[in-house]
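**Student:** If you're matching positions, the sequence shown starts at 1 in our numbering and goes up one per residue.
Worth flagging that the hints you see were computed from the coordinates, not collected in a lab.
Watch out, some of these pointers could steer you wrong.
Claimed, not checked - Restraint-style ranges between C-beta atoms, simulated for each label pair:
no., residue 1, residue 2, range
1, Gly-253, Phe-280, 28 to 36 Å
2, Leu-79, Gly-220, 43 to 51 Å
3, Trp-246, Lys-308, 34 to 42 Å
Quick caveat, the model's predicted, so the values are computed rather than measured.
Ideal Cβ positions, reconstructed from N, Cα and C, are used throughout, including at glycine.
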Amino acid sequence: MGQAYDHLTLEERCELARRREAGETIRQIAAALGRSPSSICRELKRNGAPKAAYKPVLAGDLSKARRWRGSRLERDEVLQGQVLEHLALGWSPEQVAGRLKRERGQAVISHESIYRFIYAQMRRTNDGSWRKYLPRAKFKRGRRARKGGSPAWHIKHRVSVHERPEAAQDRQQAGHWEGDFMLFSKYGQNVLVLHERTSRLTVVTAPPNRLAEPTAQRLGDLLEPLPAELRRSLTFDNGTEFAAHWRLAERLGLATYFCDPHSPWQKGGVENAIGRLRRFLPRKTNLDTLDLDDILWLNRLHNHTPRKCLGFQTPAEVYALLHFKCESTSRPSPG
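Let's have the full structure, built from the sequences with the hints guiding it.
**Tutor:** Spelled out as C-alpha cells, the structure:
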C-alpha cells in the first residue's frame, strides 16, 4: 500500500488509537496504515492531547477546525472593511498592516495577506477595478523600468550629487530636499513636486510652465518660509527646467546638486512620491478639470499616510516634530 498525504480518515484514526494503546511505535503504525512516519508523528502532535490517550473523534474535530476556511480578510468582514477603507485613501498594504500593528500593539494582518486577498479577488471576480486598491494599480506585481534625465552639459554651475554631504545621503539631517516635475499627457500640464528626505514630507504646486527662471522663482517661494535648518539643499535631475538653480543659492543660500545622467534613483525619494501621487493623478489626468486646492488636498492625504520607514508615523507627524525642534516654530508645515 503506497503512502498517502491527505487527511486521515476516521477509520485510520481509530486504528491509530488502537495500535498506540497497544504500544506500537510510530514506524510500526505508519507501516500498517500506509502512511509516512512523519504524518503519524504530525497527527499525534497536532490532534492528540499531550497527557491523555489519543482520541480519534476529538482528533478529527480538531483537524477540521484548523482547516483553511478562506483568507483572514474573507472571514473577518470588519477587518476587511477597515483594510479596504484605508486602501481607498491611498495607503499601501504595508502601511495598513503596519499602522494596525502600531495602534493595537500586535500584528493583525500581514501586507502579503492583503496583497494576496486583492489579487485573489481580481482572479475570482475577473474585475480589474480591484487593482485600484493597490499603490501602483497594476494587474501583476513587479517593477517597471524608467528612463533617466537628459544630458548635463547645459547646466551651469552644476554640482554632482556625489558631493552632497553624508548627512544628506543617510537622511539623518533634516532640510535636504529633492525636486522634480510630474508630467501629464496634455502638453504644458505639470505639477512641481518637492520631497524632504528625512521626514518624507511632500510639497506640490502647479506652475504655468517649466521654464527655468519661473521654476527657480516658484521653488524659492515654496522654501523661503521655512526655517534655515529645514532648507539646506535641493537635488534635481538634469532637466533644463532646473538650469536657473543658482538663483536659489543667491536668494536662500541653498546648495543644489544634480543626479548623474539617466540616474533617477539618485533622487529616489521624490521619484517614490511621484509614483504614489500617480495613483490619484495618472498621466492621462487633465489638470484643467482640477483646482489647485484639489491637488493640495491629495498631497495632504499623502502626507498624512503612515510610512514603514518612519515606524508607521506619517510624514506630517515627523516634519512637525522636526519643525518644533528648530528655533522658529511659528511657521506652519507647507504640506
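**Student:** Each hint: holds or not?
**Tutor:** Now for the hints, and whether the structure bears them out:
1. Checking the proposed 28 to 36 Å range against Gly-253 and Phe-280 shows it holds: the Cβ atoms sit about 35 Å from each other.
2. Leu-79 and Gly-220 have their C-beta atoms about 47 Å apart, which keeps the hinted 43 to 51 Å range intact.
3. A C-beta distance of roughly 37 Å is found between Trp-246 and Lys-308, which places it inside the suggested range of 34 to 42 Å.
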